[in-house]
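Given the sequences, and given the hints that come with them, work out the whole structure.
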Amino acid sequence: MMENEAGQGAVRFGRREFLLMTAAVLAGCDRSGAPASAPAATGVITVVATVGMVADLAKRIGGDAVAVETLMGPGVDPHLYKVTADDLVRLQRAELVLYSGLHLEGKMQDVLASLGGTVKRAHAVTDTVPREKLLRPEGFEGQFDPHVWFDVESWSFCARSIVTILSNLRPSEKAAFEQRGAAVQKSLRELHEWVKTKVAEIPEARRILVTSHDAFNYFGRTYGFRVIALQGISTVTEAGLADMAKLVDYIRDQHVRSIFVESSVPHTTIERISRDAGVTVGGELFSDAMGVLGRRERDYDLGTYDGMIRHNVHTIIEALR
Amino acid sequence: MNLFPTFDWHHVFVQPWTRDFGLFGWIMLMGFLVSLACGLVGKFLILRRMSLVGDAISHSVLPGLVIAFLIARTRSSGAMFVGALAAALLTTWLIDWIHRRARIKQDAAIGVVFSSLFALGVVLISLFADRVDLDQDCVLNGELALVPLMAPVKLAGWTLGPPAVVRMAVVALITVAMVVCFYKELLVTSFDGILASSLGIPSIWVHHGLMLWLSIVVVSAFEAVGAILVIAMLILPGATASLLAQRLPTRLGLNVVHSLLSSVIGLHLGVWWDCSIGAAMVVAGAGLFCLAWVFNPTNGLLWRWRRNVLEEPAPEPEVGS
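Sequences listed follow chains A and B, in order.
Using the working numbering, the first residue of the first sequence is number 605, and each one after it goes up by one.
Using the working numbering, the first residue of the second sequence is number 2, and each one after it goes up by one.
Do not rely on the hints blindly, as some may be mistaken.
Computed, partial: chain B to chain A, Cβ under 7 Å [what the hints assert, rightly or not]:
id : residue
1  : D21
2  : L24
3  : V133
4  : C139
5  : G143
6  : E144
7  : A146
8  : L147
9  : L150
10 : M151
11 : A152
12 : G271
13 : V272
14 : C276
15 : S277
Worth flagging that the hints you see were computed from the coordinates, not collected in a lab.
Predicted model, so just to flag it, every value in this text is computed and none were measured.
Here a beta-carbon is modelled for each residue, glycine too, at the ideal position from N, C-alpha and C.
Written as structure tokens, this is what we have:
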């Protein structure tokens with residue numbers, strides 16, 4: 605009898621599926637003449653960037669000589685990103701593929717590095733960051749921490765590499781790329797100084813940044829924060845109870861006022877710790893992904909690199925002041 | 002904003018075979034080769050009540066990856082492959098050993114072994130490699146959608162195709178050859194251990210041989226296309242075929258048909274939904290399983306329901322196994 609009931613359920617399900625499929629096919633027939641997406645206009649460099657931070661640089665330096673698309677959108681954890689059919693077509697058709705590198709993109713980097721074409725099509729923008737500027741966890745030579753964009757000064761080296769790459773592709777536009785590249789570097793220098801002056805507003809003893817995963821070590825090194833992350837860089841090792849208890853003790857000992865959640869990592873554990881330690885959650889920081897383009901806060905756009913850094917700094921300063 | 006992607010006949014069914022065939026053709030071939038190799042090996046796993054061993058291996062490779070990294074000090078594909086393969090072999094050997102020695106059923110032995118090994122991997126990361134990103138998704142599991150972008154292999158002036166496809170083709174061919182050559186041994190040891198020993202077939206060696214080959218198939222498939230497709234295709238083709246036929250040779254033939262259909266249908270679903278193509282192939286394979294369950298002519302749900310409702314209530318028909 606049990607089997608029978610299940611059977612009827614399955615028959616109904618199968619039939620509905622069939623009807624849906626038929627309807628979908630019929631609906632599709634009406635539009636069968638839809639044109640294929642038009643090829644990119646000549647002259648404009650089609651660029652695919654893996655993450656928003658790289659796309660932002662490419663857009664600012666390339667100007668109207670480039671059309672930039674981003675694979676991993678707002679709030680996407682690069683660990684959990686899966687390549688879709690459309691992404692594949694984009695990667696194949698792009699004249700240039702830009703990725704961050706230093707193993708941020710994981711196994712995907714192996715494929716990108718071997719991307720076919722008459723000239724090398726894919727470039728890691730962090731290749732030009734001097735190796736001595738990079739953080740390497742003790743004991744693991746060559747295994748650099750990928751989150752360089754939180755050291756604005758080091759990140760500006762990536763602008764240089766994009767200028768070079770674009771100039772090689774369109775030598776006629778070289779002057780424009782150089783000019784915009786210099787402007788971008790200047791604005792990044794200003795941003796770097798701005799972060800330093802903002803950070804100076806809070807006393808040194810309070811510069812402790814407690815977050816969910818190890819994305820802020822560059823930020824801590826450059827702007828003088830002690831960075832405590834609940835999780836290591838790898839996301840398979842979940843926070844143990846002992847880690848959580850130790851962190852709660854640390855927060856109490858150091859009189860930390862606020863701790864922070866990240867936009868691309870679940871919030872629950874940090875919220876739990878904030879309750880246990882009796883501190884507030886100071887706000888949401890951007891770590892591995894930027895915000896939605898066009899969403900504004902104060903005088904900046906959260907979907908830009910500039911907005912990402914300014915949002916993080918404002919959030920941190922306000923909560924720890 | 003659309004919650005569900007609109008269906009465009011041209012985009013879903015025409016472009017993959019015309020404009021984008023150079024990409025999606027390789028993906029369909031790759032999906033088929035992986036499903037074929039996994040399905041044929043998986044058929045014998047199902048007979049041995051070990052169908053979840055693939056899922057087990059996908060977790061238990063973790064300590065192998067960590068140890069390989071600690072020895073080789075690199076996250077290159079070669080080192081990770083060797084580590085994963087060693088861990089997979091250890092997994093299958095431990096499952097068999099615990100099953101025989103501790104007189105625990107296979108499913109329990111699988112559960113004990115893979116959860117312990119995965120936990121060991123997490124502990125090793127916490128102790129020795131906390132500052133390096135080392136999970137399966139980051140260093141081992143490949144991505145089906147990226148396969149066509151790899152630079153093609155050339156052999157004696159012939160351009161063969163992406164290296165992952167060439168490797169998987171070799172693995173699939175050897176799998177077919179082994180199933181043909183050792184058909185009798187595999188058949189008898191899977192069904193009847195006593196008959197096997199009376200025929201002079203060394204069951205244990207057949208078992209270990211099967212497990213060795215299983216480890217090679219699944220680890221190389223993880224490396225090429227990621228975990229979800231491999232785990233599912235060890236089970237779905239065999240399970241579907243066993244609903245439709247009683248004799249093993251027919252079932253093996255149906256296995257191949259299932260592999261082919263699920264990779265072709267799955268690709269189109271993946272293009273339509275713009276999602277992970279491997280996952281779409283699994284959905285297609287599961288859909289085929291449901292169709293076989295409902296519509297198969299001997300004891301499908303539909304016919305049983307018809308018999309029960311339209312004819313006079315008959316006693317519940319015998320379910321063949």
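Quiz prompt | Hints breached by this structure | solution = Violated hints: none at all, because every hint is consistent with the structure.
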